[in-house]
Amino acid sequence: MNLGRRNRVKVEGGMSSMTDLVFLLLIFFIIMSTMAQKGVNVDLPSDNKTKVVDPTVTILNVGVTENNTYVLDENVDLEYQTFEEVEPIIIAKMAENPEEQKIKVSGDRNADYEYVFRLIAMAKRNGWNPILVFK
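Last residue of the sequence shown? That's 756 in my numbering, and every number before it is there in order.
It is worth saying that the hints were derived from the structure and are not from the lab. Beta carbons are placed, not taken as given, at the ideal position from N, Cα and C, and that holds for glycine. Incorrect hints may appear among the rest.
Claimed, not checked - Derived lysine-lysine pairs resembling DSS-like cross-links, with alpha carbons at most 30 Å apart: (1) K714 / K745; (2) K659 / K631; (3) K659 / K725; (4) K659 / K745; (5) K725 / K745.
Claimed, not checked - Have a look at the derived ranges for each label pair, beta carbon to beta carbon: (6) D641 / I712: 17 to 25 Å; (7) E708 / Q658: 19 to 27 Å; (8) K714 / N662: 18 to 26 Å.
Please put together the full structure from these sequences, using the hints given.
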């Protein structure tokens, strides 16, 4: 007479649900990596000290101070409080020489990056080449 248990519970883990989960995660990451946007290309200055500046190229210096105000051509006496205030002035100055235009965007390390990125976005919208410098 056999008095042992006949119905034993298997302690093995099912791997089919784990492989389904890994497969779904793989598909998710593939789709998300193709939808990711690339960053803004910015021409950063190099360490070459012997660079010759072409006089036909318009380089406008726009700075963001630590108080989040805008300064044109490092004229500290004249600060613009908002982006809407300084945008038409920058567009008018850059329209003086329409051939090749570059804008040098400098930002204080204590300034909010939002103010600097607004200048970079405006430069890209208008087809200018932004050069980014942090002080």
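Each hint tested on the structure:
| no. | hint | result |
| --- | --- | --- |
| 1 | K714 / K745 | 16 Å, holds |
| 2 | K659 / K631 | 50 Å, violated |
| 3 | K659 / K725 | 22 Å, holds |
| 4 | K659 / K745 | 14 Å, holds |
| 5 | K725 / K745 | 13 Å, holds |
| 6 | D641 / I712: 17 to 25 Å | 55 Å, violated |
| 7 | E708 / Q658: 19 to 27 Å | 24 Å, holds |
| 8 | K714 / N662: 18 to 26 Å | 23 Å, holds |
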